[in-house]
Every structure is written in C-alpha cells, then in structure tokens.
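Visitor: Okay, here's what each chain looks like letter by letter:
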Amino acid sequence: MNKRKAVNLTSTVSPQKSGHKPLRETKKELPFPLNLYQSAVGKKWVMAITGLMLVGFVIGHMVGNLKMYLGVLEHDGSAAYDMDIYAEFLRNLLVPILPEGVFLWILRGGLLTAVILHIHSFYSLTRLNIASGRSYESKQDWLASNFASRSMRYSGIIVLAYIIFHILDLTVGATSDEFVHGAVQSNVVNSLSNPVIAGFYIVANILLCVHIFHGIFSVFQSLGVNNPNINRMKRGIATAVSGLILVGNVSFPVAILAGAVEYNECDPKLSVAEQVEENCVNSSGHDSDSDDDSHSESEGY
Amino acid sequence: MSQTLNLTLKVWRQEGPDADGSFETYKAKNIPDDASFLEMLDVVNEDLIDNGRTPIEFPHDCREGICGTCGVMINGRAHGQEKGTATCQLHMRKFSDGDTIVIEPWRAAAFPVVKDLVVDRSPLDKIIEAGGYVTAPTGTAADANDTRIPKEAADSSMDAAACIGCGACVAACPNSAAQLFTSAKLWHLNSLPQGQPERYKRTEAMVETMEQFFGACTNHGECYEACPKEITLDFIGYMNRDYIKSKVKNRKLAGQQS
Ligand code: HEM
Ligand code: FES
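As given, the protein sequences belong to chains L and B, one line each in that order.
Using my numbering, the first residue of the first sequence is number 70, and each one after it goes up by one.
Using my numbering, the first residue of the second sequence is number 601, and each one after it goes up by one.
The set of hints was computed from the structure by calculation and includes no laboratory data.
There's no promise every hint is true.
[Stated by the list, open to error] On the chain B side, residues computed to face chain L include the following (Cβ under 7 Å):
no., residue
1, Ala619
2, Tyr626
3, Lys627
4, Gly676
5, Arg707
6, Asp743
7, Asn745
8, Asp746
9, Asn775
10, Ser776
11, Val807
12, Gln812
13, Glu822
[Stated by the list, open to error] So, partial list: chain L residues that the calculated Cβ filter (under 8 Å) puts toward chain B:
no., residue
14, Thr95
15, Asn104
16, Gly111
17, Trp114
18, His144
19, Asp145
20, Trp211
21, Leu315
Just so you know, even glycine gets a beta-carbon here, dropped at the ideal spot from N, CA and C.
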C-alpha cells in the first residue's frame, strides 16, 4: 500500500551557532550621561533633540530670509537693504554684554555641535541597521513606510552637501568674485540668479522638507512622547511644518529668478558715492566710509 | 461551497545554514479553498514525498495563531496579506485560482536560516531571558483581587501580552529592529503593579540585549502592519521613555528600583 520512497523527514541541521551569539557585544558602560550615547535608543534621543534644534534653526533662517522681500528701508539716516540691517542685527546680538559677533559665534557653535551629533548618530545607527539586516530575495511589499521614511539617509546626505555648499557660497563667499561681506542682499541675489545654483537650492530644499517631514513625525516617538491627543496630530504637524518651510525656502530662488527681489545693479564693491555717480540707486547699506572691518564677516541672512 | 485552486508556488529552498539557497517553483494542485496556508503547504509536501523529493521545511506548531511558531514572507508581506492573522490563520480562499505565491523565510542577520523556510529566532528568547524575574511574595498565594489595577492599565497590559513572539515585526522592518517585540514584552509587565519593582532594571537589560542582535527603529511602522496580534507602536514610545529614565535615574546603583 505504501508506495512512498524513503525520504529523510527530519531536519538534518543542528541548532544554530550564530543565532545564540550576539552580533555585537555591549561595551563597558561610561558614566552618565555619556552612557546614553552608547545605546541605539539613546542615540535616537540625541538624533531627535539635535534634529529639533536644526528644525528650529531652519524655521528662523527662513523667516529671516523673508526680509529680502522688503527691499530698501531707511536705517540710521541712510538707505539700506532690510536684509543687510537684519544681518547686522545678528552680529550685534547681546552687544554690549558681549562684544560684536560673539553671541553669533556661540549660536553657530551650538548649531555645529548639533549637526555633528545628528550626523554621527545617523552614521552609527545606519551602520548598525545595515549590519542587522538581510535583504529579501523577493520584492518586499511596503505597507506603512513612505518615501520620506525610506529615504532619510539619502535626503540627509544631500542636505549635508547642500549645507556645506551654502556656507561656502553665502557665508564664506568662496564661490564668487562678486561676493562682499555684509552685502547680504546682493550676494544672495547674485548667487541665486544663476539657474544652476537656484536649481540645486530648490532640489535640496525639497529634500530637506521631505527629511523634516519624517523627522518631525518621528521625533515624538523617539523621545517617548506618546499620547493619543498628540499621536492624532503627528502627521498634521509634520505636514504643516515641512510645508511651511518648503513654501518659504523655495520662494526665494523662484522670486529672484523672476526678478521680483529688489537688488543692487551696481558692483557692490563700489562706495556709495561711486554708486550714486554711476546712477544705480540702492546702496548696499551701512556707512561704507567707515574703514573698521567689523562688517567684514557677515552672515546671518 | 468549497472550491479548489491551482497555484504556482515559488518557495525558498536552502539545505542548511551555510548552503546557498534559491527559489524553486512548484505547482500546488487542487487546493481546497478552506485549507489554511500551512495545510496548502502540507498538500504540496505530500506530493513531494510521493515523488521521492525532500518536503519543504516550514515552521509551524499550534496552527491556531497562539504559539508564534509559524511565519513566512508571503508575496513580500510577513504572514501574508491579511491584517492581524498569523500564517496558520491565513486561508486559501483569500487567493484566486492561478495565483503565483512567493514564499520566503524571515530575513535578519539575527535570524539565520536553519533550513528552507525555518529560521532560528532564539535572539528573541535572549531578550526575554534578560528581562529576569518579577518579585513575588512568598507564602500562601495572595488573593487575585488583592492588588488593585486600573482597568485601563490591565487592558493595556493585556494588549501587550498578546504578542506571540513570532518575529514578524523584525521580518517586516527595513532595519531588522525588534522594537515592537521588546516593547510589548516590557509593557506587559511595566504597566502593572506587579512589574514595578524591577521596571527600570528590566527595561535597561532587555533593551541592551535587543541591541546586541537587532537594528534600530526609524519609525517606519511596518512592524505594526505585519503583526498578527496588531501590537501597537505606542509601546515603542513607552519603551523609549522608560529606557532613558532607567539611565537618568540610575536606579540600579542607588539600590532603588522604581
Ligand atoms: C538642516 C538639516 C537637518 C534637519 C533640520 C534635520 C532634522 C531631523 C529630525 C527632526 C529628525 C528626527 C529625529 C528622530 O527620528 O527622532 C531627523 C532624523 C534623521 N536625520 Fe536629520 N536633519 C538634518 C540634517 C541631516 C543630515 C545632514 C543627515 C545625514 C547626513 C541627516 C540624517 C538623518 C537621519 C538618517 C535621520 C533618522 C530618521 C529616521 O528616524 O528614519 N539629517 N533629522
Ligand atoms: S502555528 Fe502557532 S501561531 Fe501559527
């Protein structure tokens, strides 16, 4: 009756070695609070807090840049770009408690620390995740994750490249001969009138907002903020914040390319008198006859 | 009326942990549509055995969705397309005649393939082991209603306790993270009075053991979609909170546990 051929039905395999051995050992614990950064959950807290600091900066930066739409205003008896006045204000923050520019450098130091920690935690968690994963041979069907959540590491890297370029372009002035420290409005307009730079700026800002969208959605959970009232609003908050930043930031290159931003047609290196002589009205602002170089390092648009 | 289906299966076959695997194609003929997915595999295996071929090794035990043994990727989804069911509870009536079904084992560095569709999930047991004990009073058993527990806390704990430890969360996660499993096991005890004495010690130990094997959460939410018990992502948030508390308050050193 039994036509079945003999087959070995029992598994030939002994229990796994690798499954029982940790993929990685826990390191010796450092004193608090450094020990937080030794664990992935703790690193995620650092990533979330530094991410929030960066989002705060990006919003402030965007609002500051809206000043470029105000064009020239009266300032200290002379005409100046509102943008340049704002840049000077940033350098003068907390003056005279601190010397000029010092508080701005403190803020920059904080931002730089945040960026470094954000990227270092990103780097080490991404390595952990790559080491922990095995990809499927068949196509995996995504149900909950979205483009933003799956592209965080790529959007992050492009944003980083953009941040570096942006600082060289508009803070250091390394990309253009026409760059003049302190003449923020004309620097911005000169740079973004170039369609290639404007295009890069637009693409990078779209990716930044894709990044911020999942970032804000994620931040609550990473920080253990879990409450039905908040959970319900998470997606909305993420959409609103990233949408706001997107509209603001992308409007700048678009407006500049469309010629809607007032700017100085003169060579910004000319003095006010020379500019008046050449009949290109708007001066770049501050009293250029004072020859102290306190304006020579300027950012803060 | 029950009908029968003819299907094409693409099944991952792998001799052993160190062997190379590949997809093999099989015909599954005359499968009754009230069979479960595992019963369908049984039928295919009968056929393979009749032809003198090695049957497909697949994980299974209770076949009623409570033990957490079964679990494979079915067309790219952990436990198949139905929400809130384990592979053993997936019925063939959810498929159509002529379908091609791709079946692959869970994949994660911590889940090496043992054979075919069977993977070694013992790192999940390591996490449970790290959780240790709950302090219980000695002497005669206390009355069950001695300890008062708010209804909400009891419900929440029961929701967490529904986890059957199948590993679908890890399998579905793009990072191979075990956050949903670990947080469910933690919240099962951390939400109850009985779990308080060791709450922070347990959280610290289980999270750190988890991190020896698995990736880190980036809040995709795939685990929740895959979970046959629909364990909520909220528990991951609670775990993140408790873990930092366990470090900040350094309760272990101070000898105060909660
Ligand atoms: C202005 C720049 C940036 C802002 C405003 C920002 C913001 C954020 C925020 C708010 C989060 C959420 C943290 C969490 O998940 O709890 C986040 C996550 C992340 N960031 Fe950034 N970030 C910036 C730059 C970068 C850069 C330069 C990189 C990489 C080179 C990067 C890589 C990541 C990654 C990989 C995550 C993890 C996201 C996840 O959970 O899936 N970010 N970011
Ligand atoms: S076989 Fe027990 S849960 Fe599926």
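Visitor: Each hint: holds or not?
Guide: Evaluation of the provided hints:
Given the 7 Å rule on beta carbons, the hint for B/Ala619 is violated: about 10 Å separates it from the nearest Cβ of chain L. With 7 Å as the threshold, the beta carbon of B/Tyr626 stays out of range of chain L, its nearest partner Cβ sitting at about 15 Å, so the hint is violated. Interface restraint check for B/Lys627: the shortest CB-CB distance to chain L comes to about 18 Å, outside 7 Å, so the restraint is violated. The restraint placing B/Gly676 at the interface with chain L holds, with a minimum CB-CB distance near 4 Å, inside the 7 Å limit.
This hint holds: B/Arg707 has a C-beta 4 Å from the nearest C-beta of chain L, less than the 7 Å allowed. Hint status for B/Asp743 relative to chain L: violated, with the closest Cβ pair at about 33 Å, above 7 Å. Below 7 Å, beta-carbon pairs count as interface contacts, and B/Asn745 has none with chain L, the closest being about 29 Å; its hint is therefore violated. At its closest, the beta carbon of B/Asp746 sits 30 Å from a beta carbon of chain L; the interface hint therefore is violated under the 7 Å criterion.
Look at B/Asn775: its Cβ gets to within about 4 Å of chain L, closer than 7 Å, so that hint holds up. For B/Ser776, the interface hint holds, since its Cβ comes within 7 Å of a Cβ in chain L; the closest pair sits about 4 Å apart. With a least beta-carbon distance of about 6 Å to chain L, the hint placing B/Val807 at the interface is held under the 7 Å criterion. Look at B/Gln812: its Cβ gets to within about 4 Å of chain L, closer than 7 Å, so that hint holds up.
Below 7 Å, beta-carbon pairs count as interface contacts, and B/Glu822 has one with chain L at about 5 Å; its hint therefore holds. Using the Cβ-Cβ criterion of 8 Å, the hint placing L/Thr95 at the interface with chain B is satisfied: the shortest such distance is roughly 5 Å. Because the smallest distance between the Cβ of L/Asn104 and any Cβ of chain B comes to about 6 Å, under 8 Å, the interface hint for this residue holds. A cut of 8 Å between beta carbons decides the hint on L/Gly111: the least distance to chain B is about 7 Å, and the hint holds.
Checking L/Trp114 against chain B: minimum C-beta separation of about 6 Å stays under 8 Å; hint holds. For L/His144, the interface hint is violated, the least distance from its beta-carbon to any beta-carbon of chain B being 47 Å, above 8 Å. Taking 8 Å as the C-beta cut-off, the interface hint given for L/Asp145 is violated, the closest approach to chain B being about 50 Å. With 8 Å as the threshold, the beta carbon of L/Trp211 comes within range of chain B, its nearest partner Cβ sitting at about 7 Å, so the hint holds.
Nearest Cβ of chain B to the Cβ of L/Leu315: about 21 Å, over the 8 Å cut. The hint is violated.
Of the numbered hints stated above, those contradicted by the structure are hints 1, 2, 3, 6, 7, 8, 18, 19 and 21, listed in ascending order.
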